[in-house]
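Protein sequences appear in the order of chains C and S. Residues 1479 to 1665, numbered by my numbering, are exactly what the first sequence covers, in order. Residues 634 to 932, numbered by my numbering, are exactly what the second sequence covers, in order.
Think of the hints as simulated: they come from the structure by calculation, not from any bench. Every value quoted in this text rests on a predicted model; they were computed, and no experiment measured them. C-beta atoms are modelled at their ideal positions from N, C-alpha and C, and glycine is treated no differently. Check before you lean on any hint, since a few could be wrong.
Said to hold, decoys possible - Below are the DSBU-like pairs computed for lysine-lysine, each with C-alpha atoms no more than 35 Å apart in a straight line:
| id | chain 1 | residue 1 | chain 2 | residue 2 |
| --- | --- | --- | --- | --- |
| 1 | C | Lys1487 | S | Lys919 |
| 2 | C | Lys1539 | S | Lys745 |
| 3 | C | Lys1547 | C | Lys1649 |
| 4 | C | Lys1490 | S | Lys872 |
| 5 | C | Lys1530 | S | Lys710 |
| 6 | C | Lys1539 | S | Lys919 |
| 7 | C | Lys1537 | S | Lys872 |
| 8 | C | Lys1537 | S | Lys710 |
| 9 | C | Lys1487 | S | Lys793 |
| 10 | S | Lys710 | C | Lys1487 |
| 11 | C | Lys1520 | C | Lys1540 |
| 12 | C | Lys1540 | C | Lys1487 |
| 13 | S | Lys745 | S | Lys872 |
| 14 | C | Lys1530 | S | Lys816 |
| 15 | C | Lys1530 | S | Lys897 |
| 16 | C | Lys1537 | S | Lys919 |
| 17 | S | Lys919 | C | Lys1530 |
| 18 | C | Lys1520 | S | Lys872 |
| 19 | S | Lys816 | S | Lys919 |
| 20 | C | Lys1530 | S | Lys756 |
| 21 | S | Lys793 | C | Lys1537 |
| 22 | C | Lys1613 | C | Lys1530 |
| 23 | C | Lys1539 | C | Lys1487 |
| 24 | S | Lys793 | C | Lys1520 |
| 25 | C | Lys1487 | S | Lys816 |
| 26 | S | Lys919 | C | Lys1540 |
| 27 | S | Lys793 | C | Lys1539 |
| 28 | C | Lys1487 | C | Lys1520 |
Said to hold, decoys possible - Calculated from the model, a selection of chain C residues having no Cβ within reach of chain S, i.e. all distances over 10 Å:
| id | residue |
| --- | --- |
| 29 | Met1479 |
| 30 | Glu1504 |
| 31 | Phe1505 |
| 32 | Arg1516 |
| 33 | Ala1527 |
| 34 | Phe1538 |
| 35 | Glu1557 |
| 36 | Ser1565 |
| 37 | Leu1576 |
| 38 | Ile1580 |
| 39 | Glu1588 |
| 40 | Asp1590 |
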Amino acid sequence: MYTSSDLRKGLKIEIDGEPYIITNFEFSKPGKGQSLYRCRLKNMVTGNAFDKTYRSSEKFKKAPLDERKMQFLYNQADEYHFMDTQSFEQYVIARDKLEDVIPFMVDNMEVDVLVFHDNPIGVSLPNFVNLTVTKSDPWVKGDTSGTDTKPVTVETGYELQVPPFVEEGEKIQIDTRTGTYVTRVKE
Amino acid sequence: MNLQRLHQRAAIIQAARFFFIANTYLEVETPIRLPALIPEANILPVPSASWFLQTSPELCMKRLLAAGAPRLFQICKCFRGSERGSRHLPEFTMLEWYRLAGHYQDLMTETKDFLGDLAGRFKEEMAYDQEIISLLLLPDWQRLTVQEAFGRYAPISVDKALAADCFDEILVEHVEPHLGCDKPCFLYDYPVALGSLAKTSSINPEITERFELYIHGVELANGFSELTNPVEQKSRFIKEAERARAHGTSFGDFPEKFLIALEKIDTACGIALGMDRLVMLLTGAKDIDEVVCFAPEQL
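Bound-form chain S, shown alone (with noise of 0.2 Å):
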């Protein structure tokens, strides 16, 4: 714990309100203990009672968008067993934002604009880190798609790398190092097997529209065009369920309503951003540790 990070925290998610709200986005509060959640293999939910915490409020969210409000964002709590590091906490905070209509490479922008905007109020504050600040004022990102993020910094390539099964060993300690440290960095279009909820290409079906936002090496944000066919999607589930149960790991229940919701939607699209990596990238902490009120082992 550390006052003044908690008093730059407060200030920092008072101004992303302010961003969202004077952008017409509505907030939202949707239920964090759910009875059935996204099937995904590598994450562990936390059970409560016969029901689950959220691992991200990305089914409800969704929902809403099916319902009719086109623009939405929540700052939220969300629980994932087992993640523990300098840049995991298994409860953390997080900002997600919807809309109708758009796609990736919108979102990418938008993206921009928002942490842009964040950068300008704290800039010149010595408190801050004004080196994270000035990249996230600089005119141009970098937008590189997972291909020739390998091309330019793996030993071998993407395809080579899933055959092997060593992708997320390969992204870690060979491409991720590199990424946004002379500007943010998009890291986009990954393959299809990555991308549980996202919209396959229209141009390659290999690929998904999926981002990840890097700034100086961490992994900061996660977006892409919404999946919307819903018998793809159940498809894509039933293949992440089966590889989760066979870790040992249960979902609950097919989020059928979800996948009725779905329907509903045309073209959406939607970003998760980390709360506390990036309280820690504008306030310079080393440790997710010192930009929360108290880490799991000091309870």
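Just chain C, with the same shape it has in the complex (with noise of 0.2 Å):
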């Protein structure tokens, strides 16, 4: 159990039986006044969000959340399926929960999944990810017309920006939290 002077940002609580976040706090107190918390709760399932000022004497529970670290088996159109690596059993995460993932996640690609009552609700991925570069225009020696970089694809079909050495068939690091390139990965 929590209670109101337990709350700050990144907190996560349950609120009739569905998992939030708090994103946003502030803790105020009129002159005079009463300890006021104020909150913006992001539910971690639905993504709705909504504002709350709770009082000092409230209590709350904490959010029954577990991450477990599953494998990415495969996805069939927007049904993408993974498989707890410590019991082996399978979950399908639907796509929309997963579009900040997608363009960083391939197959057999080991995660860490966010689970509420034995129900998937998030991956997050590591930091720092090598995928291989499927599509790039060659790099023409002494080209010096001042561009530093030039666009490429990677295997999961996400396109960004890379130095113009890198070429087509070579493994490349990317951060997936800025979704941009770091390095190239000799194997």
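Using the hints, put the two chains back together into the complex; each one sits in its own frame.
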């Protein structure tokens, strides 16, 4: 159980049987008035957000969330299949919950899956992933036209800007938080 | 911690002292540990052995007024449990000043003079927030009654908010964000229930002569015409103590010596200003942690 004074940005609580994360938090206390805990809460399943002000006497249930290691197996249309690497149980997550990670996720990749009451609700990737460049224009040596980068496509279909020396078939490291090129990877 | 801000903090505190000394205020240091505090339902006192750390120097400073000191100021630490946020620390620095004679409208004028004087000293210094400084140097500040402010910004009236027990929520969510944006704003004439130590208005017995100063939505200072009637003060203390006890909070014995001293004061007014917040505003700090040496979590 949490009380109002535990509320802070990033805390995950359960409200009416649903998991919420506090995305904004402000402690307020108007002169001679009472302590108020102003929160913006985001439903971790639906993504809906709302603002709510709590008083000091309130109590909150910790959201029963756990993070499990899973392997991404494959996708069939909009259904993405994962396997818990400990229990070998398989889970399906709908595409619309994975928009942020799909550009960086390849078959057999190990990911962290957030689970609420045995339902997977979100996937987080490692900060850095290595992906193969599948399409790139060759670099013309001596090209001094001044462009520092060129566009390439990686195996997931994601397009990004890289330095001109990166060639098709090479692996590159990408920062999944920003979606940007980090370095070339030698295997 | 931010060493540049600590330099600025020191300069601001020096300038504040200079203003009050130049205006014939006596600087005092009253005891920080007290056997009895003002009972206030919404303040959680911090015990110190069988006594308490002060939540404000108000009791001792008013006893000094009663003893005949006409103008007093103090810059000191105050302690309020469980108050923590980007504008709150459980240990913070308060500037309080009190004077015999005069009432809350005079105090608003004096507060404007003080902050204008301070702003003038840091004008055109790049390290200070020049937007706030220009605001403080404006010739006209706004004075808005609580009733007017609710009428202008809140979805319901003051009376309805009080009856529905949501005055604080409405104030914080709907009213405060608008206050002091174009010019500093004195919000004044609070309902009696929200002015524990403030004098009841002679025109309207439902309100007290209390004000809060807002700058950019930040509540900076709380001042009032002092309630000097010991009988009325005692009955308000009893009500507050009952509300506090309902939350399980103790304030020690009744501050009887304070009530006795009140009889010797005719008219007086006083104000408490959050020094850390003033430093935040003047330096453009977004978080109170940036203007103190150490926040409690860093100790």
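Evaluated hints:
no., hint, in the structure
1, C:Lys1487 to S:Lys919, "16 Å, holds"
2, C:Lys1539 to S:Lys745, "47 Å, violated"
3, C:Lys1547 to C:Lys1649, "24 Å, holds"
4, C:Lys1490 to S:Lys872, "38 Å, violated"
5, C:Lys1530 to S:Lys710, "32 Å, holds"
6, C:Lys1539 to S:Lys919, "31 Å, holds"
7, C:Lys1537 to S:Lys872, "27 Å, holds"
8, C:Lys1537 to S:Lys710, "31 Å, holds"
9, C:Lys1487 to S:Lys793, "32 Å, holds"
10, S:Lys710 to C:Lys1487, "28 Å, holds"
11, C:Lys1520 to C:Lys1540, "15 Å, holds"
12, C:Lys1540 to C:Lys1487, "14 Å, holds"
13, S:Lys745 to S:Lys872, "33 Å, holds"
14, C:Lys1530 to S:Lys816, "29 Å, holds"
15, C:Lys1530 to S:Lys897, "47 Å, violated"
16, C:Lys1537 to S:Lys919, "29 Å, holds"
17, S:Lys919 to C:Lys1530, "22 Å, holds"
18, C:Lys1520 to S:Lys872, "40 Å, violated"
19, S:Lys816 to S:Lys919, "19 Å, holds"
20, C:Lys1530 to S:Lys756, "40 Å, violated"
21, S:Lys793 to C:Lys1537, "27 Å, holds"
22, C:Lys1613 to C:Lys1530, "49 Å, violated"
23, C:Lys1539 to C:Lys1487, "16 Å, holds"
24, S:Lys793 to C:Lys1520, "30 Å, holds"
25, C:Lys1487 to S:Lys816, "31 Å, holds"
26, S:Lys919 to C:Lys1540, "30 Å, holds"
27, S:Lys793 to C:Lys1539, "32 Å, holds"
28, C:Lys1487 to C:Lys1520, "11 Å, holds"
29, Met1479, "17 Å, holds"
30, Glu1504, "6 Å, violated"
31, Phe1505, "3 Å, violated"
32, Arg1516, "7 Å, violated"
33, Ala1527, "16 Å, holds"
34, Phe1538, "16 Å, holds"
35, Glu1557, "42 Å, holds"
36, Ser1565, "38 Å, holds"
37, Leu1576, "34 Å, holds"
38, Ile1580, "35 Å, holds"
39, Glu1588, "35 Å, holds"
40, Asp1590, "28 Å, holds"
The structure shown violates the earlier hints numbered 2, 4, 15, 18, 20, 22, 30, 31 and 32.
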